[in-house]
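Chain A is already provided as a structure; the job is to place chains B, C and D on it using the hints.
Residue numbers (our numbering), protein chains in the order written: chain A, 1 to 80; chain B, 81 to 160; chain C, 161 to 311; chain D, 312 to 462.
Because the hints were derived from the structure by calculation, they are not lab data. A couple of the hints might just be wrong.
Distance condition first, Cα-Cα at most 30 Å in a straight line; then the derived DSS-like pairs of lysine-lysine [stated by the list, open to error]: (1) K164/C x K229/C; (2) K2/A x K283/C; (3) K283/C x K164/C; (4) K87/B x K319/D; (5) K319/D x K434/D; (6) K315/D x K380/D; (7) K7/A x K283/C; (8) K283/C x K168/C; (9) K87/B x K315/D; (10) K229/C x K7/A; (11) K315/D x K434/D; (12) K434/D x K87/B.
One side only, chain A facing chain C, incomplete, derived with CB under 7 Å [unchecked claim]: (13) A10; (14) I11; (15) T44; (16) P75; (17) G79.
In this text, all values refer to a predicted model and were calculated from it rather than measured experimentally. Every residue gets a Cβ at the ideal spot worked out from N, C-alpha and C, and that includes glycine.
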Amino acid sequence: MKTLTVKYFAILREQRGDAEEQLRTESVDAQSLYEELQAQHGFTLPVDRLRAAVNGEFRPWPAPVNDGDEVVFIPPVAGG
Amino acid sequence: MKTLTVKYFAILREQRGDAEEQLRTESVDAQSLYEELQAQHGFTLPVDRLRAAVNGEFRPWPAPVNDGDEVVFIPPVAGG
Amino acid sequence: MHFKITSKTIAVSELANTLQHERAGACATFEGWVRNHNEGQAVASLEYEAYAELAETEGNRILDEAREKFDLLAAEAVHRVGHLQIGDMAVWVGVASAHRGPAFDACRFIIDELKARVPIWKKEHYVAGESTWINCATKGEFSTDDAGPSS
Amino acid sequence: MHFKITSKTIAVSELANTLQHERAGACATFEGWVRNHNEGQAVASLEYEAYAELAETEGNRILDEAREKFDLLAAEAVHRVGHLQIGDMAVWVGVASAHRGPAFDACRFIIDELKARVPIWKKEHYVAGESTWINCATKGEFSTDDAGPSS
Numbered sequence: 001m002k003t004l005t006v007k008y009f010a011i012l013r014e015q016r017g018d019a020e021e022q023l024r025t026e027s028v029d030a031q032s033l034y035e036e037l038q039a040q041h042g043f044t045l046p047v048d049r050l051r052a053a054v055n056g057e058f059r060p061w062p063a064p065v066n067d068g069d070e071v072v073f074i075p076p077v078a079g080g
Numbered sequence: 081m082k083t084l085t086v087k088y089f090a091i092l093r094e095q096r097g098d099a100e101e102q103l104r105t106e107s108v109d110a111q112s113l114y115e116e117l118q119a120q121h122g123f124t125l126p127v128d129r130l131r132a133a134v135n136g137e138f139r140p141w142p143a144p145v146n147d148g149d150e151v152v153f154i155p156p157v158a159g160g
Numbered sequence: 161m162h163f164k165i166t167s168k169t170i171a172v173s174e175l176a177n178t179l180q181h182e183r184a185g186a187c188a189t190f191e192g193w194v195r196n197h198n199e200g201q202a203v204a205s206l207e208y209e210a211y212a213e214l215a216e217t218e219g220n221r222i223l224d225e226a227r228e229k230f231d232l233l234a235a236e237a238v239h240r241v242g243h244l245q246i247g248d249m250a251v252w253v254g255v256a257s258a259h260r261g262p263a264f265d266a267c268r269f270i271i272d273e274l275k276a277r278v279p280i281w282k283k284e285h286y287v288a289g290e291s292t293w294i295n296c297a298t299k300g301e302f303s304t305d306d307a308g309p310s311s
Numbered sequence: 312m313h314f315k316i317t318s319k320t321i322a323v324s325e326l327a328n329t330l331q332h333e334r335a336g337a338c339a340t341f342e343g344w345v346r347n348h349n350e351g352q353a354v355a356s357l358e359y360e361a362y363a364e365l366a367e368t369e370g371n372r373i374l375d376e377a378r379e380k381f382d383l384l385a386a387e388a389v390h391r392v393g394h395l396q397i398g399d400m401a402v403w404v405g406v407a408s409a410h411r412g413p414a415f416d417a418c419r420f421i422i423d424e425l426k427a428r429v430p431i432w433k434k435e436h437y438v439a440g441e442s443t444w445i446n447c448a449t450k451g452e453f454s455t456d457d458a459g460p461s462s
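With the rest of the complex left out, here is chain A:
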């Protein structure tokens, strides 16, 4: 088990009902973590439409995570 911080933005923040949480998980990477959380919270975006960031940097899927990491799932961006 590891402890992770997950931050939520935009549509994920609204669907989660919170901007940030700490959680304990057996997931070894961000991809399996998202699938775990998607089942729990009903996120509508499939994982292949997201990018992962770990500790403030983009990481290619599946994006391994370690105890204490901060994980962010990045929905399709729309700046400008």
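Chains B, C and D alone, transformed into the frame defined by chain A:
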């Protein structure tokens, strides 16, 4: 004979030593007028590097002129 | 060369001052404004949200790439977040160069890359009352166009 | 849509205000500044002179052409005349459109055409003491490049 107003800009103004003059001429077009004035004032630019404007509009060479017209010889432009 | 996220009105004249350079003959800028329509729908307002930390990292990376690709003397960019109204400025990009070719090319490169890569999201509020996170639809048609819908 | 010749400092924020439009999502601007060098020579200052009447006619014609070629909501441009110092703004072009593609394309079209067609001339004063009317040399090499030397 016709009476014309000629305005000079930039290098032509400096070489003429004046910005504007009224003159009487036998020239039937701006091209022959420029050649007449070039001989008189030593303008360095050949006519094929100039454009002609008559009464505030560009006119293709030889650019016919009539009594009372305002004629401007346009050196190569360099705005911006 | 800096990219910043701000929750305040974008201060254009201050930003423009940071571009001044005695070797600069050309300055190109781009501003993205909130417009009153998108794909046929009347828009009432826009909400922008950013993952500010990563957005600034990625935005600064884009400015560095622009400096490598184009002959630039200065480049700055700012993106606003929060609830914006029609006519408000959402993003500003400014570039200075000796000549206008690289200034235009770099300015366009920067806004294109900002829109494609930087973690900023936009929720459109429609006059009809609904709202939607742009590019986040999961049923039927959705845009995968990097250009985004705003500008 | 107006092109103007002015002998005063170009008032950018007033001009930018004239571009506002509720359908506009994109605003591209170009500024030409007096830079401290040209083709290897150190420049001290620049003198601009215009045939103002024809310059404004031709400049407005260019803005009309831009409106026909591109999907624009607003376009304004100003060129300054007189004796300018390093860093001074000589020309400003601003364009607003729903989307950024036409805004960039129109802004570039306008400055390219202004430089190529509008009767404005530029005399460079060099640090070394000489001065010359740009594009008006008649011996040896001279530039016939429409782009002109400044930006």
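Going through the hints against the structure:
no., hint, verdict
1, K164/C x K229/C, "21 Å, holds"
2, K2/A x K283/C, "34 Å, violated"
3, K283/C x K164/C, "20 Å, holds"
4, K87/B x K319/D, "23 Å, holds"
5, K319/D x K434/D, "18 Å, holds"
6, K315/D x K380/D, "21 Å, holds"
7, K7/A x K283/C, "18 Å, holds"
8, K283/C x K168/C, "18 Å, holds"
9, K87/B x K315/D, "20 Å, holds"
10, K229/C x K7/A, "34 Å, violated"
11, K315/D x K434/D, "20 Å, holds"
12, K434/D x K87/B, "18 Å, holds"
13, A10, "4 Å, holds"
14, I11, "4 Å, holds"
15, T44, "5 Å, holds"
16, P75, "5 Å, holds"
17, G79, "3 Å, holds"
Hint violations for this structure: numbers 2, 10, all remaining hints satisfied.
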